[in-house]
Amino acid sequence: MVSKILPLQIKNASVKKRGKKIIGPIDLGISDAGFTIIMGPNGSGKTTLMRLIHGLENPREGTSTWNSDLKTAQLSQSFVFQTPIMLRRTALENITYPLILQGIDKNTAANVAHKWISKINLEASSNLNARYLSGGEKQKLSLARALATNPQLLLLDEPTANLDGSATKEIEKLLQDAHEAGTRIIMTTHDIGQGKRLAEDIIFLYRGNIHELGMAKSFFQKPVTREAQAFLRGDILE
Amino acid sequence: MVSKILPLQIKNASVKKRGKKIIGPIDLGISDAGFTIIMGPNGSGKTTLMRLIHGLENPREGTSTWNSDLKTAQLSQSFVFQTPIMLRRTALENITYPLILQGIDKNTAANVAHKWISKINLEASSNLNARYLSGGEKQKLSLARALATNPQLLLLDEPTANLDGSATKEIEKLLQDAHEAGTRIIMTTHDIGQGKRLAEDIIFLYRGNIHELGMAKSFFQKPVTREAQAFLRGDILE
Amino acid sequence: MNDIVEGMLSAFRLIFSLDADLFEIILLSLQVTLTAVIIASVIGMPMGAWLAVNRFRFRRLTIAVLNALMGLPPVVVGLIVYIMLSRSGPFGVLNLLFTPTAMIIAQVIIITPLIASISHQAIRDLWADYHDLLISLNTTKRQRIFTLVKDARRSLLTASLAGFGRAIGEVGAIMIVGGNIDHLTRVLTTAIALETGKGEFAFALALGFILIALAIIVNLAIHSISKTERASNW
Amino acid sequence: MNDIVEGMLSAFRLIFSLDADLFEIILLSLQVTLTAVIIASVIGMPMGAWLAVNRFRFRRLTIAVLNALMGLPPVVVGLIVYIMLSRSGPFGVLNLLFTPTAMIIAQVIIITPLIASISHQAIRDLWADYHDLLISLNTTKRQRIFTLVKDARRSLLTASLAGFGRAIGEVGAIMIVGGNIDHLTRVLTTAIALETGKGEFAFALALGFILIALAIIVNLAIHSISKTERASNW
Amino acid sequence: AAEMKLAVTTSFNNSGLSDVLLPEIKNDLDLEVQLLVVGTGQALKLGQAGDVDAILVHSKKAEEEFVSQGYSTHRREIMYNDFVIVGPSDDPAKISGSSTVVEALGKIAAKPSLFASRGDDSGTHRKELSLWKDAGKDPDEFSSSWYRAAGAGMGATLNTASGMNAYIMSDRASWLKFGNKGGLKLLFSGDPVLFNQYAFLPISPEKHPHVKIELAMKLEAWLITEKAQKIIGRYSINGETLFTPNANAKVN
Ligand SMILES: Nc1ncnc2c1ncn2[C@@H]1O[C@H](COP(=O)(O)OP(=O)(O)OP(=O)(O)O)[C@@H](O)[C@H]1O
Ligand SMILES: Nc1ncnc2c1ncn2[C@@H]1O[C@H](COP(=O)(O)OP(=O)(O)OP(=O)(O)O)[C@@H](O)[C@H]1O
Ligand SMILES: [Mg+2]
Ligand SMILES: [Mg+2]
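Protein chains in written order, with the working numbering: chain A, 1 to 238; chain B, 1001 to 1238; chain C, 2001 to 2234; chain D, 3001 to 3234; chain E, 4001 to 4252.
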């Protein structure tokens, strides 16, 4: 296997858009094992923080340092977007695409893709253009696409928002399997129950800053800040 | 006020895509008051049924009859899509657009829009291009756009999937207010808690057919079919 | 090769000598072409949008014909416009032959299909995005077309610029209907054709370089007015 | 007006008389134009994609210049190619002047900027969709361009067809570099120009109608091969 | 100033004579003559349609037919120039010493050497065809491997000939003014059969009541004045006179 890309050190990083600071300054270390869940109100910057980690956002200031060289780091992580980005191809081709990019030959890629398609119960639609899939089906497909490449670091932005109870369970199972097999997972969710089920540690974002950070158990049992307390109660935060 | 568009009678309707039956045959009456929630597994046809009601899908067979003429019916309902469709304009202009279509003058429309923008806590982003909004912000915006036109019938496709706890609460409050003011609401959700909180009656879809239909209380307390029972438990449905 | 170098040098000399005749020609070129582009855009863009939002029986055929009309040979357009405007033609009494108006008419005919086709393609993509929303909001066809043209304006710019490019460099049609009359209907391209016929390549090239420079200036101006490439609006 | 009616009638007569000279001309027109369109597409489409995916210092300027080059006056292109290929020019030894190859070269120069511009516009929209995913998948520039061209192929068709239209109707450049030599480099447009000069307007129009019919047939054929308008693929 | 439209052939315009004549006309008659420079056939067509007020061309047979059909009241001969044979400076067919044009053409066909023909049915082209006929040859039977029918105006065909290094028959004016001579050189001229008569034909107001017949007549009258004829006779390029005025020779 290639060299370990984690831990990642983010130092004093912030992201600005059109002159407005969206998140930061952020100081964050991502260790090489674990299951982190990022929580926070809408617009608090969860997606932006995930994108910063992934390298999709260039920090205005500050640094972001991987354990490996940048190229390896980039090749060894997958991102599942909040709004699924589907290639204008069939469901199956959506999964084979990144595999073929990695140099896997077409047949092997198709076999792997078929395996994943059946894991997410989409066999019947594997040759359907991805645009015609239902909201939940798209979300499952983009998850399968990410898992199929077997990344060291998996970043998931609200992967189960459109999924029903049983699909959520299945996906959570897949994630836990990947986690146990050594994949480092960072994920956002609005589902507090899901946070409790999956998280080992929690990052609580508030107005673009890390407001609380710690073990999941203690966060859910006795959140420190007033804002986290209100968030967990589902109260309106001012 | 214009003539009542409800009740709606759907008779023996089905929707086919590329030769495959997606939903149907459906027989359904929508009375002129109430708060109906459509539930069902991913891909069971919830979105398609909502689109059929709204007139976005033409039934292959069967009929759909409003209490009023079709034009009035079309003008008096709003649809909130599962994946928000944003106009390539600012947040504010996204709300004023349907108002101006209805012949409301620009100033009044802007005032109404500002009111709604502040109800969903987006004042700071009212002049931002809607593409830059976060996932949850987009969802709130498309909800506000629908509510601002004051429809008789409001169709919502998973309107809170990407919202945090407090935003969900706020939106649920807005929906209940609208409901009390006489708006007929039909909505899909995967959130069983939300179903319990809001629904007066439930339509349970399974593989494109109405599998169960009835008062919310009895559905949640003692679902009749094996599939509904499994769904509510979050079990995998075969 | 010498001709090319010589052409560039004399292009500079011409410009800096502020030759009045040259400026007259440049002005007329711009006036005719810009007018034609504006008229063709006003016709072609809604036409493209209309084709994107409507489903009708012979839609495919219509689109194929429209695309084919992009290949209208300018000389043929020139001939037909000539025959229409000629004294012995149906519109002879208007006395438009050999005037800038006749040149504008010919150019509008040539570039409208081009602008409509490119617009259709650009708007079709936006329509795929907007389709459900605009249907749901119960918009009229007219409102849909208006909204699509407005919101796709950035992509539609390419359509207008392609039309401008085709028109500013066109010579076959305007030669026939304009007549390349000195001080009246002579534009850059007809002047270039004239000099080429005389074998005056360096001078013809000089005019050609001026024309290209003009096109670049117009494009830069339009780009910076519309700010399209700055901080992409969508 | 009579000329137009007479032109249509003689167009039919010409076609049904299966005139060998006419078929030679039609064949050469198609051969030259289709070759030019294929070459220009192979160059222009990746160029458009490249401009869409790259951010560099003078990007705006480059795009404006590319758009401006859509306005390259064919006569000037013809002249430059003539000078390059003529005996005394740098490529004189290749002996290409007054051959179909020279005509293809001129047409490629004329339509590549058009195809690249329209491609750029079409791909820019797709790139906005794909951007995050392709960056996240750590694709190389080359892979991005390949993926975008492949998945935007439906929109890119318009670019090729616009190029085809421009090339099939073009006369200024190929007249100069081809020479309109009978049985050698005469194509439909140069034949039309010739008949126009002779004052044989009806015959010129007849050839024009044949050219337009040809363009429609090619467009329909391409549409039905690519099945783009059937059951929209995206 | 009053304005009128005059269709002229390319060879007349290419000679540069119009640049000398038009200002004088403006001066003397206060008349703005707008030139439409087209092929002979197209000039006749423009006249037939009434889109110009007069034409100045050189194709006697076609002109006479034009008059007999009533499109013009008469043709007025103004001047003539001559045709020349131009070719590669090394003269591969060795025509430069020929005594007649028929002999020269015969040598070109015998070799055979590349020859560029107008091929556009213009006055010049028709003249060339009649000369081939005089030489006992039929251009229809020539192989396109050497006889290249360019199907274009004088200037364009000269460009083609220059590019191919081919023989060509051109009017003297166009040749002298031509800027892209390349390896070409004047090789033969002077045979009386090469003379080329230009005539002025006003468009008949009976066919087209809107034409400005008074202006056309005014212009015609001016063209045959001694002053105008002198200007024509004196016009030269590089010391060579191009046109011989012969307006007073005959009117028909
Ligand atoms: N280009 C931009 N210009 C201005 N503001 C922006 C821009 N992009 C994002 N924002 C703002 O930054 C904030 C953070 O966005 P982000 O998507 O990270 O939020 P989030 O925590 O993921 O929210 P959600 O839970 O709704 O997905 C939002 O309020 C958004 O409107
Ligand atoms: N054009 C089409 N061709 C083939 N199948 C289609 C087409 N459009 C939709 N489908 C299929 O129809 C089914 C129902 O889709 P629909 O969007 O109604 O589901 P849903 O209940 O809303 O699911 P979700 O909870 O995931 O949003 C899906 O399995 C989808 O793949
Ligand atoms: Mg987010
Ligand atoms: Mg759905």
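One should not assume that every hint holds.
Claimed, not checked - With a straight-line Cα cutoff of 25 Å, these simulated BS3-like cross-link-like pairs (lysine-lysine) come out:
1. C/K2141 x B/K1020
2. D/K3141 x A/K71
3. E/K4026 x E/K4212
4. A/K119 x B/K1021
5. A/K119 x B/K1020
6. B/K1196 x B/K1217
7. A/K21 x B/K1106
8. B/K1020 x C/K2150
9. A/K222 x B/K1169
10. A/K20 x B/K1169
11. B/K1115 x A/K20
As the list claims (entries may be wrong) - Not the full set, but computed from the structure, chain D residues with beta-carbon under 7 Å of chain E:
12. L3018
13. I3181
14. A3202
No lab work stands behind these hints, which were simulated from the structure alone.
For each residue, glycine too, the CB sits at the ideal point set by N, CA and C.
> Taking the closest Cβ pair, is D/A3202 under 7 Å from chain E?
Replying inline: At about 10 Å, which exceeds the 7 Å cut-off, the nearest Cβ of chain E leaves the hint on D/A3202 violated.
> Are the Cα positions of D/K3141 and A/K71 separated by 25 Å at most?
Replying inline: 14 Å, holds
>> Just to be careful, I want the Cα atoms of B/K1196 and B/K1217 compared with a cutoff of 25 Å; is the pair within it?
In response: 8 Å, holds
> Is the Cα-Cα distance between C/K2141 and B/K1020 25 Å or less?
Replying inline: 30 Å, violated
> Between A/K119 and B/K1021, does the CA-CA distance stay at or below 25 Å?
Replying inline: Holds, because 24 Å separates the two Cα atoms, which is no more than 25 Å.
> Hey, E/K4026 versus E/K4212, does the alpha-carbon distance stay inside 25 Å?
Replying inline: 16 Å, holds
>> Restraint: D/I3181 near chain E, CB-CB cut 7 Å. Satisfied or not?
In response: Hint holds; D/I3181 Cβ to chain E Cβ min 5 Å, cut 7 Å.
> When you check the alpha-carbon spacing of A/K20 and B/K1169, does it fall within 25 Å?
Replying inline: 28 Å, violated
> Has the given pair, B/K1115 with A/K20, been kept, meaning a C-alpha gap of at most 25 Å?
Replying inline: Given pair B/K1115, A/K20 holds - Cα atoms ~24 Å apart, limit 25 Å.
>> For A/K119 and B/K1020, compute the direct alpha-carbon distance and say whether it is at most 25 Å.
In response: 23 Å, holds
> Has the given pair, B/K1020 with C/K2150, been kept, meaning a C-alpha gap of at most 25 Å?
Replying inline: 37 Å, violated
> Does the CB of D/L3018 sit less than 7 Å away from some CB of chain E?
Replying inline: Nearest chain E Cβ about 20 Å off; hint violated.
When each numbered hint is compared with the structure, violations occur for hints 1, 7, 8, 10, 12, 14.
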